[in-house]
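Protein sequences appear in the order of chains A and B.
Start counting the first sequence at 1; every next residue gets the next number (our numbering).
Start counting the second sequence at 1001; every next residue gets the next number (our numbering).
No lab work stands behind these hints, which were simulated from the structure alone.
It should be emphasised that the depicted structure is a prediction, and the values quoted were computed from it without experimental measurement.
Here a beta-carbon is modelled for each residue, glycine too, at the ideal position from N, C-alpha and C.
Just to be clear, a hint being listed does not mean it is correct.
Said to hold, decoys possible - Sample of chain B residues facing chain A (criterion: CB under 10 Å; computed from the structure):
#1 Pro1116
#2 Val1142
#3 Leu1144
#4 Leu1172
#5 Leu1181
#6 Pro1196
Here are the chains, one letter per residue:
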Amino acid sequence: MARAISTHRKALNTAIAWLIAAMIFFPILWTVLTSFKTEAQAIADPPLFFGFDWTLENYTTVQDRSNYFRHFWNSVVISVGSTLLGLALAVPAAWSMAFVPSKHTKNILMWMLSTKMLPPVGVLVPIYLIFRDWGLLDTQIGLVIVLTLINLPIIVWMLYTYFKEIPGEILEAARMDGASLKSEVLYVLLPMAVPGIASTMLLNIILAWNEAFWTLNLTAAKAAPLTAFIASYSSPEGLFYAKLSAASTMAIAPILIMGWFSQKQLVRGLTFGAVK
Amino acid sequence: MATKASRTAARAMMSPSVILLLGWMLIPLALTLYFSFLRYNLLMPGGNPFVGLENYEYFFTDPAFQTAVVNTLLLVGGVLVVTVVGGILLALLLDQAMWGQGIVRILVIAPFFVMPTVSALVWKNMFMNPVNGLFAYLAQSVGLEPFDFLAHAPLASIIGIVSWQWLPFATLILLTALQSLDSEQLEAAEMDGAGPFARFRFMVLPHMARAITVVILIETIFLLSIFAEILVTTNGGPGNASTNLTYLIYAQSLLQFDVGLGSAGGVFAIILANIVAIFLMRMIGRNLDA
Chain A
1 MARAISTHRK ALNTAIAWLI AAMIFFPILW TVLTSFKTEA QAIADPPLFF GFDWTLENYT
61 TVQDRSNYFR HFWNSVVISV GSTLLGLALA VPAAWSMAFV PSKHTKNILM WMLSTKMLPP
121 VGVLVPIYLI FRDWGLLDTQ IGLVIVLTLI NLPIIVWMLY TYFKEIPGEI LEAARMDGAS
181 LKSEVLYVLL PMAVPGIAST MLLNIILAWN EAFWTLNLTA AKAAPLTAFI ASYSSPEGLF
241 YAKLSAASTM AIAPILIMGW FSQKQLVRGL TFGAVK
Chain B
1001 MATKASRTAA RAMMSPSVIL LLGWMLIPLA LTLYFSFLRY NLLMPGGNPF VGLENYEYFF
1061 TDPAFQTAVV NTLLLVGGVL VVTVVGGILL ALLLDQAMWG QGIVRILVIA PFFVMPTVSA
1121 LVWKNMFMNP VNGLFAYLAQ SVGLEPFDFL AHAPLASIIG IVSWQWLPFA TLILLTALQS
1181 LDSEQLEAAE MDGAGPFARF RFMVLPHMAR AITVVILIET IFLLSIFAEI LVTTNGGPGN
1241 ASTNLTYLIY AQSLLQFDVG LGSAGGVFAI ILANIVAIFL MRMIGRNLDA
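Make a model of the complete structure from these sequences and hints.
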């Protein structure tokens, strides 16, 4: 039986929780609000919360001055590209580990995970030199390769935990009923695997979009994704809060929305199934 | 049943991932190790002679090394304390009955999805700036002098920014663990006269112990490699006041172009991370058997 909770208590909980949530979220809200102000309003004293003239000027200025969408597009290519490449490699691997396990499966999984523990700075020098010699510095393809490799263990792991949940008996039953291999994969396996693949994809795009070690160290002007582009605002000239806010808002909005949809998968993906 | 043919197929399906990861791990590792024994500076032409442990000697005796180790420990420790304690409290709060729980949860986890360079710059400029930041305004409105956070307390400020990013992660995972606690057990304990503190200490906390450990280990792995937040806020300064190991090695490698020295630091960072990783791997491995 559920515990009866007084309305009084519930109202108090609600008030405290909303207050704290508002405080945690405030920097994001403030960034979004500032992006619609003029530069003068952005640093007005006292600060303006809602009583200002909303303008879209910053968004167009950011694009005009720095070709914002080029960097946005770099982010899209790099995060989606590395995710799709990672999935292409990981789906067969996770599939075989989940359905045809051997005595090495566990060791291979653990070893893959251990590559994720390697601190990036420990291999910064050789990767940087290899990229320099092969002409991969400041290219989209270079970053796609690196991000695929650093996130591959997470993709394999997540897919593995999802595939593990598909009961093998269903496949046998389908086979007994005379399903061909093709229809077995197409009509039995795929529908059950799609949700897991989709959540893996979502989480991985988020991780790749926000990756800020390799993207900062391996790109300059041409292939810089938003992480690196926004970093260029760290030494600004003149008034720039509103423009920084506009650039930031566009950089985080798509990923914030995706993130809210993938809350549950986040736990599974980032704890490698250790907490469910 | 796995037939011999299906086992061969399985191996073929696995091999691309395995081979690529093996290459990704072994080649850079071997090169880092190799470079760490050479006198190798990108600005100095000529051969790269073998110098034995000279780079390690320089790395460990550099005064910046000690500062960086202390800063790394403070940064990791500080963020862990804030996020784990805060995460437990927030998870307990979010587990209560309330109106609009879904929205509260969405607001609380949002910072985790903000890219590091954005959150660092937003905090640096719009909150911590001593002239135009909101904190300066708040300080002045209660009659205090504005405080230049990043100049006078750079490490503490960075701990604050990084904690804001990681608090949602801890909260979300601890909340997930909390929600798997059997509420009937709690009610039974309550009826037997266990107060809220006793219930927390002897039932809730032991139940969350595993999740807390996982949070600590995973955060440690990521926090050892904090980089972007330092790069865009303080560049490791003033002086070395906010330089951690990752930033120090980056500076030696790509700002001073000392490949040998940076590689020696890299080897040290790898060993350090491995110590943490061993514990984390054990926990995850145990779960895999279950």
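Hints, one by one, checked against the model:
1. Pro1116: holds, 4 Å
2. Val1142: violated, 13 Å
3. Leu1144: violated, 15 Å
4. Leu1172: holds, 6 Å
5. Leu1181: Check failed: Cβ of leucine 1181(B) comes no nearer than 13 Å to chain A, outside 10 Å.
6. Pro1196: violated, 12 Å
In this structure, the earlier hints numbered 2, 3, 5, 6 are contradicted, and the remaining ones agree with it.
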